[in-house]
Amino acid sequence: PLVGAFLMHVASTCSLAANGSMLDFDFTVVFNKNPLVCYDPDSRRFFPCDWGLLHNVATHFATALNNGTTWVERAEARRQACHDLTPHFWNATVLRRTPPQACIIPSKTGNTRAPILLTCHIWGFYPPEVTVIWLHNGDIVDPDDHFPISAIPNGDWTYQTRVTLMVAPMAGDTYTCSVQHASLDQPLLEDWSPGLSPGLTLKVAAATVVMALGLSFFIAGVYQYWRKPPAPGYIPLPGDNYPAG
520 PLVGAFLMHV ASTCSLAANG SMLDFDFTVV FNKNPLVCYD PDSRRFFPCD WGLLHNVATH
580 FATALNNGTT WVERAEARRQ ACHDLTPHFW NATVLRRTPP QACIIPSKTG NTRAPILLTC
640 HIWGFYPPEV TVIWLHNGDI VDPDDHFPIS AIPNGDWTYQ TRVTLMVAPM AGDTYTCSVQ
700 HASLDQPLLE DWSPGLSPGL TLKVAAATVV MALGLSFFIA GVYQYWRKPP APGYIPLPGD
760 NYPAG
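FYI, in the numbering used here the residues of the sequence shown are 520 to 764.
Hints listed in this document are in silico derivations from the structure and should not be mistaken for laboratory results.
Built from N, CA and C at the ideal position, the CB exists for glycine as well.
A portion of the hints provided could be inaccurate.
Computed spacing ranges between beta-carbons, pair by pair [unchecked claim]:
1) Arg681 <-> His574: 44 to 54 Å
2) Leu654 <-> Asp603: 44 to 54 Å
3) Arg681 <-> His655: 11 to 21 Å
4) Asn656 <-> Gly629: 17 to 27 Å
5) Gln599 <-> Pro554: 19 to 29 Å
6) Gly539 <-> Asp559: 19 to 29 Å
7) Pro625 <-> Leu721: 12 to 22 Å
8) Val576 <-> Phe666: 55 to 65 Å
9) Gly643 <-> His574: 41 to 51 Å
Listed next, the in silico EDC-like pairs over lysine to aspartate or glutamate satisfying Cα-Cα at most 20 Å (straight line) [to be verified]:
10) Lys627 <-> Asp692
11) Lys722 <-> Asp704
12) Lys627 <-> Asp710
Using the sequences and the hints given, assemble the complete structure.
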């Protein structure tokens, strides 16, 4: 036999303005994902909001809800909760400040005049307004181009963006990605210089030290081995070149 699945649930929403004040309140009884009966907070009454096949059912259902006070009180309690919880929600989300992170990734362009493309990735920040400035040896690369840039949402209430710069670096040059954001007391600076990165330089130095220590232990072991006297009862052959015991 065919079995039908039916689901009815209650949904309430609070629409907020840009300053955090509540614009509207919706309280809806939903049947199989379709709004069936809606609540009007101004008149404090329910009305049918399904104009399809279930309109008659929705009309009878709304009349039944309006005959008592239980569902009106429930809807008004939800509306009051919107008023009470909005300031806390607003401060914890819209008004919060999350500082950005940044890193510079170099890549080859194939252009002999500007063979390196620097990409500064900035991510994890909120609010979305951010300003990024390129510096070359401490000087602004383009003084007339440092306006707030657009950011892409990550889906977790943080944003990301990136800016690029084509360069022809020389030995000793330092390029800096300067990030200005409302969460920072001072700009976030990320440096890049041609050659090995600081992290890679540290790894090479550590590997060199480990190799030097290993070589020292090896030489010391060989030296001790050759200084070791022959075992008791051992008679060197004529013309041997073993160390004397």
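Here is what the structure says about each hint:
1. Arg681 <-> His574: 44 to 54 Å: holds, 52 Å
2. Leu654 <-> Asp603: 44 to 54 Å: holds, 48 Å
3. Arg681 <-> His655: 11 to 21 Å: Cβ of Arg681 to Cβ of His655: about 18 Å, so the range 11 to 21 Å holds.
4. Asn656 <-> Gly629: 17 to 27 Å: holds, 25 Å
5. Gln599 <-> Pro554: 19 to 29 Å: holds, 22 Å
6. Gly539 <-> Asp559: 19 to 29 Å: Hint holds: Cβ distance 24 Å, inside 19 to 29 Å.
7. Pro625 <-> Leu721: 12 to 22 Å: holds, 18 Å
8. Val576 <-> Phe666: 55 to 65 Å: Check passed, 56 Å falls within 55 to 65 Å.
9. Gly643 <-> His574: 41 to 51 Å: holds, 49 Å
10. Lys627 <-> Asp692: holds, 17 Å
11. Lys722 <-> Asp704: violated, 32 Å
12. Lys627 <-> Asp710: Roughly 18 Å separates the two Cα atoms, so the pair holds.
Checked against the numbered hints above, the structure breaks only hint 11 and satisfies the rest.
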